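S.K.: Given the coordinates of chain A, work out where chain B should sit on it, guided by the hints.
Chain residues, written in single-letter form:
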Amino acid sequence: MKFSIYRYNPDVDKKPYMQDYDIALGDGDQMLLDALIRIKDLDDSLSLRKSCREGVCGSDSMNINGKNGLACITKLSELQEPVVLRPMPGLPVIRDLVVDMTQFFEHYNSVKPYLVNNDPVPENERLQSPEDRAKLDGLYECILCGACTTSCPSFWWNPETFVGPAGLMQAYRFMVDSRDQALDERLENLEEPDRLYRCHNIMNCVEVCPKKLNPNAAIAKIKDLKFEQAREHKNNVKKRIEIKAV
Amino acid sequence: MVIDLLTKRYPGMRAWLMQRLTAFAMAAYSIMLLVRIIILQPAVYEEWLSFFQPIWFRIASWLFWICLSVHAWLGVRDVFKDYVPDYDIRVVLLKLLATLLWAYIAWASWLFLVR
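From first to last, the protein sequence lines are chains A and B. Taking our numbering, I'd label the letters of the first sequence as residues 1 to 246. Taking our numbering, I'd label the letters of the second sequence as residues 1001 to 1115.
Mixed in with the good hints, there may be bad ones.
In silico DSBU-like links for lysine-lysine, alpha-carbon gap of 30 Å or less [unchecked claim]:
hint	chain 1	residue 1	chain 2	residue 2
1	A	Lys40	A	Lys75
2	A	Lys2	A	Lys14
3	A	Lys112	B	Lys1095
4	B	Lys1081	A	Lys223
5	A	Lys223	A	Lys212
6	A	Lys212	A	Lys112
7	A	Lys212	A	Lys2
8	A	Lys67	B	Lys1095
9	A	Lys50	A	Lys67
10	A	Lys40	A	Lys135
11	A	Lys15	B	Lys1081
12	A	Lys67	A	Lys223
13	A	Lys75	A	Lys112
14	A	Lys135	A	Lys112
15	B	Lys1095	A	Lys221
Coverage of chain B stretches by chain A, computed from C-beta distances (three or more under 8 Å per stretch; other residues unrestricted) [stated by the list, open to error]:
hint	stretch
16	1010-1016
17	1080-1087
Keep in mind the hints are simulated off the structure, nothing from the lab. Bear in mind the structure is a predicted one, so any value in this text is a computation, not a measurement. Beta carbons are placed, not taken as given, at the ideal position from N, Cα and C, and that holds for glycine.
Here chain A stands alone, though its shape is the one from the complex (with noise of 0.2 Å):
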């Protein structure tokens, strides 16, 4: 089977440039990841990520034939040769296949991807009903494999600013946790206009997603519930008012 891949060594090479490999499949090669481990057993100094090779732990996210995607969950019988493996898009390349998520990690912890609850901590755990558990489905899903954000046009222009739809999707997961008490303040967290809005429903995140999650529509909910935060502080306000009258 033809491969082309990207090959970067900044301590080497001047400059990227693909190389070519054509090898022979085992009988137990499926998946793209299999070959990746073959091509790496022919040639060493090929650099990729890889760890759990089941969809699971998402680090070897790259871009296969032009579209974002898990090597170990890309089945080798769907791919169009030579197959052209790229590093994902938007982010700095280390070496090879390996990018720098420094940014889309900070991107992560800007939006606070973590319960906050200002309650005593319980003797057991915090109980959800099933419905509000269920609310959380489709979104807790995400591996953070970088996917959606590097295939997202407003993160290559923005990046600095940008939040990213996987940033955006954790972020809407805790503001619709029903333990978590920090609405407010992960709203307002978004309202620089570029964080939030610079989403023009595009739909690459949704396309490309590995766990067929829909970050878009979560982008759209935050939007919905960021209208109805000014509502709220606006009758709040009135509220106020009204006390200091009386």
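M.R.: Same frame as chain A, but now just chain B:
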């Protein structure tokens, strides 16, 4: 309530909402324009002139132009933000755009309200 959302307290929401409100207003005007054309069927210059004669229609057309200008400003500003990474060049382009849009508004004001 919507007016409150268009204040500086909500800079992100303001532009987003403004773009949608102006789009809605322009869509409403376009439908009204189409219906009016179908009903009155202006064909020659004099008929077009009387088509634009009623003051309410002139004001509506002027408001449409204002909405179009705001919508264009927000949209093109986003495009410049995406595709013109150099800040200085972007500022020059935005100033040119603003000048152009204000000139169009002045022209539309003369056309619909003064003339």
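S.K.: Between lysine 212 of chain A and lysine 112 of chain A, is the straight-line Cα distance small enough, at 30 Å or below?
M.R.: holds, 24 Å
S.K.: For the stretch 1080-1087 of chain B, does the count of residues with a C-beta closer than 8 Å to a C-beta of chain A reach 3?
M.R.: holds (count 4)
S.K.: With the threshold set at 30 Å, check whether the alpha-carbon distance from lysine 40 of chain A to lysine 75 of chain A stays at or below it.
M.R.: holds, 18 Å
S.K.: Is lysine 75 of chain A within 30 Å of lysine 112 of chain A, Cα to Cα?
M.R.: violated, 35 Å
S.K.: Are lysine 67 of chain A and lysine 1095 of chain B close enough, with their CA atoms no more than 30 Å apart?
M.R.: violated, 38 Å
S.K.: What's the verdict on lysine 40 of chain A and lysine 135 of chain A, does the C-alpha distance respect the 30 Å limit or exceed it?
M.R.: violated, 42 Å
S.K.: Straight-line Cα separation of lysine 135 of chain A and lysine 112 of chain A no greater than 30 Å?
M.R.: It holds: about 19 Å lies between the C-alpha atoms, which stays within 30 Å.
S.K.: Is the straight-line distance between the alpha-carbon of lysine 15 of chain A and that of lysine 1081 of chain B 30 Å or less?
M.R.: holds, 28 Å
S.K.: Given the hinted pair lysine 223 of chain A and lysine 212 of chain A, is their Cα-Cα distance within 30 Å?
M.R.: Given pair lysine 223 of chain A, lysine 212 of chain A holds - Cα atoms ~22 Å apart, limit 30 Å.
S.K.: Is lysine 112 of chain A within 30 Å of lysine 1095 of chain B, Cα to Cα?
M.R.: Judged against 30 Å, a Cα distance of about 37 Å means the pair is violated.
S.K.: If you draw a straight line from the CA of lysine 1081 of chain B to the CA of lysine 223 of chain A, is it 30 Å or shorter?
M.R.: At roughly 21 Å apart (the allowed maximum being 30 Å), lysine 223 of chain A and lysine 1081 of chain B satisfy the hint.
S.K.: Would you mind confirming whether the straight-line C-alpha gap from lysine 50 of chain A to lysine 67 of chain A stays at or under 30 Å?
M.R.: holds, 18 Å
Going through the hint list in order, the structure does not satisfy hints 3, 8, 10, 13 and 15.
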